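Each protein sequence line maps, in turn, to chains W and G.
The numbering of the first sequence is our numbering, which starts it at 1041 and goes up by one.
The numbering of the second sequence is our numbering, which starts it at 801 and goes up by one.
Be careful, since some hints might not be right.
As the list claims (entries may be wrong) - If you only want the chain W side, here are some residues facing chain G, beta carbon under 8 Å, derived:
1) 1085
2) 1098
3) 1144
Note that these hints are calculated values from the structure, not bench results.
Computed from a predicted structure; not experimentally measured.
We treat Cβ as the ideally placed atom computed from N, Cα and C, and that holds for glycine.
Next come the chains, spelled out residue by residue.
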Amino acid sequence: QVQLKESGPGLVQPSETLSLTCTVSGFSLTSNSVHWVRQPPGKGLEWMGIIRSGGSTDYNSALKSRLSISRDTSKSQVFLKMNSLQTEDTAIYYCTRETHWGQGVMVTVSS
Amino acid sequence: DVVLTQTPVSLLISLGGQASISCRSSQSLVHSNGNTYLHWYLQKPGQSPQLLIYQVSNRFSGIPDRFSGSGSGTDFTLKISRVEPEDLGVYYCLQRTHNPNTFGAGTKLELK
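Okay, chain G solo, but in the shape it has when bound:
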């Protein structure tokens, strides 16, 4: 199975600051159809996860442009600029290229 390694485990960021989360895969996430099915989710406290970014760099509907995704192959990054209070929670990467699908272990974003 594909292993996704997320770093760091936790992040302490000041309001208005920038956060960067890495997601590294144990194998390439490029599908045979050429697409890369690496997505990012945010789970706010007490809530279900919500989709932020799909296929590496595409923001889902309603997601502000403070969130950006990048990367290719086995190395991916989620950046959050101008961090706001509603950005707090646990961020997960998820790969859907290979079966079974797998999640990263999560990165907790907290305010400094």
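This is chain W alone, in the form it adopts within the complex:
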């Protein structure tokens, strides 16, 4: 069945780079898009970006300068990298195939 699972560090220092991995199963990355969405504590959902089946990407305008999404299709993994992290980037980070979502990973930005 379709599954997505996020992994990465729970704590990141301000100004450092966040690296997250989304490992998928039950579908192929070459036939499906994967999105990243985040949710600050107690707040709404924010779409971050997408990597399409063909490998092209699009990003949230406000995050574009700091964000990069890539993938390794042989490992069924999608990667998120975001630099210059600030406390406002503290959130649950989800990867999603639109119809299915991962459980999310909580990332706290703090010294």
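Knowing the structure of chain W, use the given hints to seat chain G on it.
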């Protein structure tokens, strides 16, 4: 970027009652291919969001027919009839017609 305005911010509904949530877009969500990529999600407390309705009015697999979506262009509505306890949570609309994709701010459904 497209702005989705959801109203109301919160809803107090009795069990068995009906709820209606509006999602208005700052521009038409009709894609150049003729489809309208406006979806509805429910996020129950402590859980990841789940897809309810895709492309305005299509219920996702396993979603009961108590949930219905309608609308066109810039104006969309999610209706929930015969509200049950498991319907509680925050409802979000999402547009995927334009890049970047954008979510509405959410509508919290609570029991009266």
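Taking the least C-beta to C-beta distance, is residue 1098 of chain W closer than 8 Å to chain G? It holds, given that the least Cβ distance between residue 1098 of chain W and chain G is near 4 Å, below 8 Å.
Measuring from the C-beta of residue 1085 of chain W to each C-beta in chain G, is the shortest one below 8 Å? At 5 Å from the nearest chain G Cβ, residue 1085 of chain W passes the 8 Å test, so the hint holds.
Hint check, residue 1144 of chain W versus chain G [nearest Cβ-Cβ separation less than 8 Å]: Hint on residue 1144 of chain W: holds, closest Cβ of chain G at ~6 Å, below 8 Å.
Going through the hint list in order, the structure satisfies each hint without exception.
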